[in-house]
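**Q** Just so you know, the protein sequences line up as chains A and B, in that order. Counted from 1, the first sequence has number 31 at position 13 by the numbering used here; the numbering is strictly sequential. Counted from 1, the second sequence has number 350 at position 196 by the numbering used here; the numbering is strictly sequential.
These aren't lab readings, by the way, just hints derived from the structure by calculation. A hint or two may mislead.
[Claimed, not checked] Computed beta-carbon distance windows for the label pairs:
#, chain 1, residue 1, chain 2, residue 2, range
1, B, 232, A, 183, 21 to 31 Å
2, B, 372, A, 44, 22 to 32 Å
3, A, 19, B, 313, 42 to 52 Å
4, B, 178, A, 146, 14 to 24 Å
5, B, 171, A, 127, 15 to 25 Å
[What the hints assert, rightly or not] Beyond 12 Å from chain B on every Cβ pair, some chain A residues (computed):
#, residue
6, 22
7, 25
8, 42
9, 112
10, 138
11, 193
12, 235
13, 245
The C-beta atom is built at its ideal place from N, Cα and C for all residues, glycine as well.
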Amino acid sequence: MVVQMELISKRYGRQAALRSVDFSGDAGTVVALLGANGAGKTTLLRIIATLTQQDRGRYHAFGVEAWPRRRSIRARLGYVGHRPFVYPELTCAENLHFFARLFELDDAVLVVDRALQHAGLADRAERPAISLSRGLLQRLDLARATLHNPGLLVLDEPDTGLDVAGRDLLRQLMRERAETGALVIFTSHALDFAIEASNRIVTLVNGEVAADEPSAAVTLSGLEATIHGLREAVSVA
Amino acid sequence: MNRIGALIWKDVLIEARSRQFIGAMLAFTLIVIVTLNFAFDLIREQRETNGAGALWIAILFAGLIGIGRSIAVERDRGTLDGLILSPIEGGSLFLGKFGAALLSIIVVEAIALPVFAALYDLPALDPLVIGIVLAGSIGLAALGTLFSAVTSGIRSREVLLPLLLFPLLIPILIAAVRATANVFEGDRDGTLRWINLMLGFDAIFIVLSYLGFGFLIED
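Construct the complete structure from the given sequences, taking the supplied hints into account.
**A** Below is the structure:
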């Protein structure tokens, strides 16, 4: 297992973001983490990415307890958050070279060139990131997150701002990462995209895992019912 | 070293293109130097002491403008998580941010010192004064970077940063003003003990910041 979580809980003040969540993910899998706004998806992703520490529960990544060994885990982790981690004043190439140096990658020039090609940004390599559209910026951030060939790729709404071609590229990227043995975990509000792009779907409702099933067994209407129906039932109760 | 160099390179490149801080720091420094020059012109017999004070007021506040926001800018942009998630150690991250902050102060001082020397008619370009300014700037940049991390997540950080920073900077400021005034007055021998004191505090601040920085920027 790349990721193994047991009884993970997290509170922000009086608000419980996650309640005793069990979650695991194996190498070569693409997992879609779905749920309504406030269901706890981003909190769970941030804990998986070692950006936030859980209040309770056990979290192991790559076979070791995650928080105490977070430095070594981060070297094998790629993360795309709500906001891109790129610097608007730097060009696309400079941004990637900066992160290549932080990760001390060999053949950085080759790796960056390949990443720019792969993201469809080769012709914009020398343009400042500030000149990119939201979708192209997202592509650059995805290139940044996968630059060091991570074994765990965590993507928080990576399809935001992407057009059809961008979504195809994202789907292809996640599949390729999984084929090379990585675990890919992503969130999305586009349910049809999530079903197509994943092997497995985990649904969170009010900070709890409401469903965990193979994507092939999931229908769009069933998924909507799980996300919204259960949420309403819980709030009524 | 490669990672620290990458951090400094990144910050220098961003500042060179945006001129976000250096322009404001330089303008503030020159305004303070010119304004205090007119104020102190009335008391010429105390020009050396007052001049040293004016110089360090300008450097201190200019430093606050630039360094105080070095981590807050990363947090506001959302890029701090990107740095935290890279395999760089907290101490190396501190050294990178500290190095970039120190460079920005040095650039401002390189322009401000000749202006100060001309306006106040004091030997501000004396190598000993330049050494004192550098030693003081190291302490200012180290503590400023550390407390920029402490206050970066707080809404009222602009108010809190000086409140936290100034008391701790007092030893370096006193030493810097006294050492500078000594050189201006021609007492070079009395300067060395103040410089040693500054270097001692610089070392303490750098070591403490190096050790504590990683814990301060984590969630």
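**Q** Provide an ascending list of the numbers of those earlier hints which the structure does not satisfy.
**A** Checked against the structure, the only hint that fails is number 9, while the rest are satisfied.
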